[in-house]
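If you count the sequence shown from 1, you need to add 88 to reach my numbering.
Think of the hints as simulated: they come from the structure by calculation, not from any bench.
The beta carbon of each residue, even a glycine, is placed where N, CA and C say it ideally should be.
The reader is advised that the hints may include incorrect statements.
Stated by the list, open to error - Derived DSSO-like pairs (lysine-lysine); straight-line CA-CA distance at most 30 Å: (1) 383 <-> 255; (2) 383 <-> 360; (3) 364 <-> 383; (4) 443 <-> 360.
To be verified - Simulated restraints, written as ranges between beta carbons of each label pair: (5) 175 <-> 269: 32 to 38 Å; (6) 428 <-> 175: 20 to 26 Å; (7) 409 <-> 388: 34 to 40 Å; (8) 445 <-> 263: 36 to 42 Å; (9) 455 <-> 304: 27 to 33 Å.
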Amino acid sequence: MLNLDNCRRRQTRLLSYLAEHRLDAAVLSNPKLAYYFTGALVDPARPQAFVLTASGGSLLATNAAPALCAAERVETYTGYSLQRVFSIRTMAEEAARFVSDFVGAPAGRIGADFEFLPMSLRRALGERDFVDLTPLLEQMRRRKDPDEVESIRATIALTEAGYGAIKKRLEPGMTEFQAYSIMNEAMVNRAHTSLPLLGDFACGVRAISEGGAPTSRRVEPGDLYILDIFPSWQGYVCDLCRTFVVGSPTELQQDAWAHVMAGHRLAAAILKPGAKARDVYQALRAHLETFAPAKGSFTHHAGHGLGMDAWEFPWLTPGSDHVIQEGEVVAFEPGLYSREMQGGIRLEHNYLVTKDGVTPLDSFPMELR
């Protein structure tokens, strides 16, 4: 969970931006940003609003009072009632009134996250000058505070429990769905509650051109099973990938594995503050292209940032203009694929970028067996 002191420090960063750009308040409707700035893990299926005024006042308008919150004021709207009809619309309108009353009449320039700003809130705030804060917030979230890194580590621990379970039990004849269920059971047991488990569960040659949800396809002897997992736990995700072989690896599979592993040694040398993201991609691609049996098979990104979302900045792609920053958490995922290999090998670490290079946050072994 996020630390309230760090939440207040993030509010201070936002206040500096409000002052610099002469904004009277920030009004944010993304539930993830409410958590980021207040430490209250709010319900993403209900309307939420976090307000920070230029004078430092803060409000969380939400459906249920949180146990801990870095906002100085919390207002709860009616999220459920036997006394009257309610809906998402009535909730949003009630939350909007709280926000409008808190901001007050004098405020003229409002910063907002446009992708999440509901019309009910915009109407309640009236004729004001709205400024899109999304580009700022995307950049602000790139560098992770210590509480964010620890939240990512907690999600990694769940995922590694899932890898440990399936690696012991993976065998020919089981379906992709059975493999998914084994991982899910281990992760739920570790979390002591349910959690959303998303990822790529395609096995064997199906993984070359497909991914996503598990199917009834049966695992065949010699298959390579790519398990690229990105669950969310207490507001933060990880994005890890391990590949396991069903049986004993062939010489080709083992050679491909060694080549992909060398890609991570390359990352340790080039993934550092100040590096251009496109250069990192090009260096990895050039390395992978030297493996002749799977030449041309690396067609996806080399990696990306992560945090509250599985895909955040920076993007390690040839079209990226991002520059790596200290404090970012980056998923780095080299891969090679071919029918002769019976699938593909993709191995993914989540790296914390430090001033000297990178430190992996995950520790589950990369071996095929």
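Legend entry - Numbered hints the structure breaks, given as an ascending list: The structure breaks hints 6, 7; every other hint is satisfied.
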